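**Q** For the protein sequence lines, the chains are A and B, in the order given.
For the first sequence, position 192 (counting from the first letter as 1) is numbered 192 according to this note's numbering, and the numbering increases by one without interruption.
Take the position in the second sequence, starting the count at 1, then add 323; the result is the number in this note's numbering.
No lab work stands behind these hints, which were simulated from the structure alone.
These numbers come from a predicted model, not from an experiment.
All C-beta atoms in this analysis are idealised placements derived from N, C-alpha and C, irrespective of residue type, glycine included.
Check the hints yourself; a few may be wrong.
Some chain B residues close to chain A (C-beta under 8 Å, calculated; not the full set) [as the list claims (entries may be wrong)]: (1) G464; (2) E518; (3) G519; (4) S522; (5) S523; (6) L525; (7) G526; (8) I527; (9) G529; (10) E533; (11) Y596; (12) D637; (13) R641; (14) P642; (15) D644.
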Amino acid sequence: MNGSTGWDHGVGRHLLGIEGMGRGDLERILEVTDRFAEIGRRPIPKVPALRGRTVALVFFEDSTRTRLSFETAARRLSADTLTFTAGSSSLSKGESLRDTVEVIRSYGADVLVIRHGMAGTPHRVAQWTDAAVVNAGDGCHEHPTQALLDAYTLREHRGALDGMSIAIVGDILHSRVARSGVLAFSLLGAEVTLVAPTTLLPPSLEGWPVRVSHDLDDIIDSLDACYMLRMQRERHDDGLIPSLREYTADYGLSARRAERLPKDALILHPGPTNPGVEIAAEVAAAERSVILDQVANGVSVRMAVLFLLLGSVPDPDDVAEAN
Amino acid sequence: MGIVLRGGRVVDSDGESVVDVEIGDDGRIAAVGTGLVGEEDLDCAGCVVAPGLVDLHAHLRQPGDEEAETIETGARAGALGGYTALVAMPNTEPTTDCVAVVEQVRALGEPAACEIVPSAAMTVGRRGHQMTPMGELVDAGVGMFTDDGTGVQDPQVMRRLMEYSTGLTDRLGHPVVLAQHCEVTALSEGGYMHEGAWSSRLGIGGQPAEAEELMVMRDITLARMTGARIHFQHLSTGVSVAMVREAKAAGLPVTAEATTHHFTLTDAACACYDPVFKVHPPLRTDADVAAVRAGLADGTIDAIATDHAPHTVDAKERPFDQAPPGMLGLETALSLALEYSGLDLSGVLAALSWRPAAIAGLADRHGGPVRPSRPANLCVFDPDATWTVSGRAMASRSANTPYEGWSLRGRVRHTLNRGVPVVVDGEARR
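So that you can see chain A by itself, here it is in the shape it has in the complex:
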């Protein structure tokens, strides 16, 4: 893989994907996340770590949740934020991606958090700008902060991912959550099984550290965690599945199916859920479901990522003195 992917730790400039990162890189981010999770529990969950720095949220594809999570993270670090969304943009007037990025950079953005509908766009932007780039989801490719918050959530509940058996269930083909998750979970020692009909798997899994199953019932009682992906309702129009009804019957996490999970197994979902499609509403709300933990941890992980990319001191609480 080209050197511009992944966590360029030596330079510490970008977070483009889990691909290219090592176990040590992930663990360092998760350890720093612990510190920010603690800050998040304070009465005033705010530190001056990134005071005077500017975080630009550049969302060519709409995602309110991810944008709010990054925005909250940036504000808790006392950074200023700039928000760009495609709807408000001049892209429709023919302005190029590169021009847009250069304009945002010229407003003083120190980091560009980029969400784009096409794989690789953050990687291209990283080739053009001297600002740090964080991939907040690029098409069907990666969503590294999601994988980090998922790993953090699993670690929070289970201590470590080593030896865990994790199933990722659903539309793997179109899922950046799955691509990043597979890489992160396996780097941290988990065994990952992809569960999907063949039409919702990537055409090739060569080199992927995964097993594949087409039968959720066959493996469900051996899982430590069951990660349900959001099912886009239009997939049956694309001819990839016969119907949502058949998909839900075979791959949905119904209450009855969830009962067969081991007692301490966790249920994850990147949100927002389609209740009754990939996951039953009562399963999503069950005690073993950690979906809301994922949301809360997302802020801490993103604080850690922004801090590691932009912070110049080892401890966020020391910043006031250091300045």
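Dock chain B against the given chain A, drawing on the hints supplied.
**A** Here is chain B on its own, set in the frame of chain A:
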């Protein structure tokens, strides 16, 4: 008494010998021998003197996209690459699908550094439905028809085109060539690179090899049915090469080309997400590259083409799915063929000069042996000279070469177009 190409090693379809070549004032070769005397010498010491190269597949973008290329700049790039004839693809704006546009392209090509040979679309607007006025176009001198950029999807339309074309042989003087861009779009839609391990890993939608192979298979079947003369453009997969090999063994009148990028680059190049590596058909696997080279080696693939496809910087800076496919080729093809095709010198020149000249119906003036009275369409290159590829330094209006920074061996020193030196010592004069 005119120019003398002095001290070079003449290599043509007859063989090779170290002789001088004298060019007459009529633009034809006046004499071949030793100790020839002329008014002006062009130093060819250490160089190969060969029939000029012929590209079966060049996008010159005019009329319509003059920001990316013009016939003038494309022809200059061609001459610098050793070409004396370029078959211009008809996916212009408007489409080259009628005599008026053919005449416009030809007129723009008249003062250019290479002979510009217009091809015409098979269907009106390249939309795959209605036949272009093929008889009228044949009368205007068009010998090659293609909807390049897309293949004719409907098998019935393709069958009728093939049948109709067979009735035009006498009018043209030789069979009309139908050149197909083989791609079943129902399978390739939503794909921006080769479908496989790399596309899966990169999260980019893929075009499976089968999208090309199904149309190669269909057209071989229809060629058997109709007897039409089919040329397969830019073959890129191992199975495509194998099917064409079999069709030739069965005696079908089919020919094929491969591009330089399909025997030098693979889909792994897309890992940097730079659309300079986006091209149709897409860069494929190591095994496909090996199959294309094997196809060149045994003659299954007759010709090396460029599929020279200039695009502006703006266009290539779009996200991978939105950026247009295509890459420059005219100024790098000879060097890449010499170094990477696996062919020896004579094989390289056969694939770049006399075989494509024959396919395009240009053998009367391009690609022929270096003999007195033949038109002096010649290229002279130093096979040992090394140079570094730079898109910005190219004569093309665009800079989208996938070989930026590569060090290549083999460089054109002189190119003669109908006896006129249009490139001298590596500098374009036209």
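**Q** Evaluate each hint against the coordinates.
**A** Here is how each hint holds up against the structure:
1. For the restraint placing B:G464 at the interface with chain A, the shortest Cβ-Cβ distance is roughly 40 Å, beyond the 8 Å limit, so the hint is violated.
2. With a least beta-carbon distance of about 5 Å to chain A, the hint placing B:E518 at the interface is held under the 8 Å criterion.
3. A distance limit of 8 Å between C-beta atoms decides the matter here; for B:G519 the minimum to chain A is near 5 Å, and the interface restraint holds.
4. At a threshold of 8 Å, the smallest CB-CB gap from B:S522 to chain A is about 7 Å, leaving the interface hint in force.
5. For B:S523, the shortest C-beta to C-beta distance to chain A is roughly 4 Å, which falls under 8 Å, so the interface hint holds.
6. With 8 Å as the threshold, the beta carbon of B:L525 comes within range of chain A, its nearest partner Cβ sitting at about 6 Å, so the hint holds.
7. Because the beta carbon of B:G526 sits about 3 Å from the nearest beta carbon in chain A, less than 8 Å, this interface hint is met.
8. Checking B:I527 against chain A by beta carbon gives a least distance of about 5 Å; that is within 8 Å, so the hint holds.
9. The interface hint given for B:G529 holds, since its Cβ lies 6 Å from the closest Cβ of chain A, which is under the 8 Å cut-off.
10. Taking 8 Å as the C-beta cut-off, the interface hint given for B:E533 is violated, the closest approach to chain A being about 11 Å.
11. A distance limit of 8 Å between C-beta atoms decides the matter here; for B:Y596 the minimum to chain A is near 3 Å, and the interface restraint holds.
12. At about 6 Å, the closest approach between the beta carbon of B:D637 and any beta carbon in chain A falls short of 8 Å, and the interface hint on this residue holds.
13. A cut of 8 Å between beta carbons decides the hint on B:R641: the least distance to chain A is about 7 Å, and the hint holds.
14. Interface hint status for B:P642: upheld, as the beta-carbon distance to the closest one in chain A is roughly 4 Å, under 8 Å.
15. With 8 Å as the threshold, the beta carbon of B:D644 comes within range of chain A, its nearest partner Cβ sitting at about 5 Å, so the hint holds.
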